[in-house]
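Quick mapping for you: the protein sequence lines, in order, are chains A and B. Those letters in the first sequence? Residues 3 to 113, by the working numbering. Those letters in the second sequence? Residues 439 to 555, by the working numbering.
Be careful, since some hints might not be right.
Where chain B lies over chain A, by a calculated footprint (3+ residues, C-beta under 8 Å) [stated by the list, open to error]: (1) 22-31; (2) 47-56.
Dumping the calculated BS3-like pairs for lysine-lysine here, alpha-carbon to alpha-carbon at most 30 Å [stated by the list, open to error]: (3) A:5 with A:70; (4) B:495 with A:5; (5) A:95 with A:5; (6) A:95 with A:19; (7) A:58 with A:70; (8) A:43 with B:449; (9) A:95 with B:455; (10) A:43 with A:58; (11) A:95 with A:43; (12) B:449 with A:19; (13) A:43 with A:70; (14) A:58 with B:449; (15) A:19 with A:58; (16) A:70 with B:453; (17) A:19 with A:43; (18) B:449 with B:495; (19) A:58 with A:95; (20) B:495 with B:453.
What the hints contain is simulated information worked out from the structure, not anything from laboratory work. Just so we're clear, the structure is a prediction, and the values are computed from it rather than from any experiment. Backbone N, C-alpha and C define an ideal beta-carbon position, used for all residues, glycine too.
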Amino acid sequence: ELKVEQNPLFLSMQEGKNYTIYCNYSTTSDRLYWYRQDPGKSLESLFVLLSNGAVKQEGRLMASLDTKARLSTLHITAAVHDLSATYFCAVDKSGNEKLTFGTGTRLTIIP
Amino acid sequence: GAGVSQSPSNKVTEKGKDVELRCDPISGHTALYWYRQSLGQGLEFLIYFQGNSAPDKSGLPSDRFSAERTGGSVSTLTIQRTQQEDSAVYLCASSYGLAGVNTGELFFGEGSRLTVL
């Protein structure tokens, strides 16, 4: 059974600081996704990572994938308040067409 | 419509009643998914459709839960004899599936919040 773990579960950080959220998964996969969820809202797709070594960047967020280590990271640079949200990673066990989600990281940016 | 549409957005029901939740996927998406998100929890997979068939029903928590999809489009998730533990947000998502270049990226609706009293 595929397990997806994120850490930390909760992260409170000051504006302007950098931090990294980690996503580990338990079985072979080369497809990983990051989503953002604001309170009371649905999930918004942030990044699609489809191969080992993939790196994607959008604004202050950068995501990477290391399929050998079964690890993805979401790096936040110079955090701003509007990045406050819950971030989920999700893994597609190859060919399964079904995403297994991590537990989420609730990020709070403090002014 | 431009996005995945779900209805109702909120449903309050009494224990033991049946409920139906509806999902209208993005036009052209052949794959449709139902997930459940309980308060403060992650997303739990329920069922997946490719076209009208459901190759993976493994996530349905009990035989009180069923889903169908007709015409390769709209899907209905039915919960019979609702229990309090069924209270959650039910999220529907769609993707291109086998319809073309598919990155596996899911596009989610706003969800249906179910409260069972």
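Results for each hint:
Note: the segment 22-31 of chain A has 0 residues with beta-carbon separation from chain B under 8 Å; the three-residue rule is not met and the coverage is violated. For the segment 47-56 of chain A, the stated coverage by chain B holds: 3 residues have a C-beta nearer than 8 Å to a C-beta of that chain, and at least 3 were required. At roughly 16 Å between alpha-carbon atoms, residue 5 of chain A and residue 70 of chain A fall within 30 Å of each other, so this suggested pair holds. For the hint pairing residue 495 of chain B with residue 5 of chain A, the CA-to-CA distance comes to about 19 Å; that is within 30 Å, so the pair holds.
For the hint pairing residue 95 of chain A with residue 5 of chain A, the CA-to-CA distance comes to about 10 Å; that is within 30 Å, so the pair holds. A C-alpha spacing of about 34 Å is found between residue 95 of chain A and residue 19 of chain A, which places the hinted pair above 30 Å, so the restraint is violated. Taken as a hint, the residue 58 of chain A and residue 70 of chain A pair is honoured in the structure, with Cα atoms around 18 Å apart against an allowance of 30 Å. For the hint linking residue 43 of chain A to residue 449 of chain B, the alpha-carbon distance of about 16 Å falls within 30 Å, and the restraint holds.
At roughly 36 Å between alpha-carbon atoms, residue 95 of chain A and residue 455 of chain B are farther apart than 30 Å, so this suggested pair is violated. Restraint check for residue 43 of chain A and residue 58 of chain A: satisfied, since their Cα atoms lie roughly 24 Å apart, inside the 30 Å limit. Note on residue 95 of chain A and residue 43 of chain A: the hinted pairing holds, with a Cα-Cα distance of about 26 Å set against a maximum of 30 Å. Proposed proximity of residue 449 of chain B and residue 19 of chain A is contradicted: the alpha carbons are some 41 Å apart, above 30 Å.
For a cut-off of 30 Å, the pair hint linking residue 43 of chain A to residue 70 of chain A is broken: about 34 Å separates their Cα positions. Simply put, residue 58 of chain A and residue 449 of chain B have alpha-carbon atoms about 38 Å apart, too far for the 30 Å limit, and the pair is violated. Proximity of residue 19 of chain A to residue 58 of chain A is assessed by CA-CA distance (about 20 Å); at most 30 Å being required, the pair is judged to hold. At most 30 Å may separate the alpha-carbon atoms for a hinted pair to count; residue 70 of chain A and residue 453 of chain B exceed this at roughly 48 Å.
Restraint check for residue 19 of chain A and residue 43 of chain A: the C-alpha separation of about 26 Å stays at or below 30 Å, so the hint holds. A threshold of 30 Å between alpha carbons decides the hint, and for residue 449 of chain B with residue 495 of chain B the separation of about 24 Å falls inside it, so the pair holds. Taking the CA atoms of residue 58 of chain A and residue 95 of chain A, the gap is about 20 Å. The hint holds against a cut of 30 Å. Of the supplied pair hints, the one linking residue 495 of chain B and residue 453 of chain B holds, its CA atoms being roughly 24 Å apart against a limit of 30 Å.
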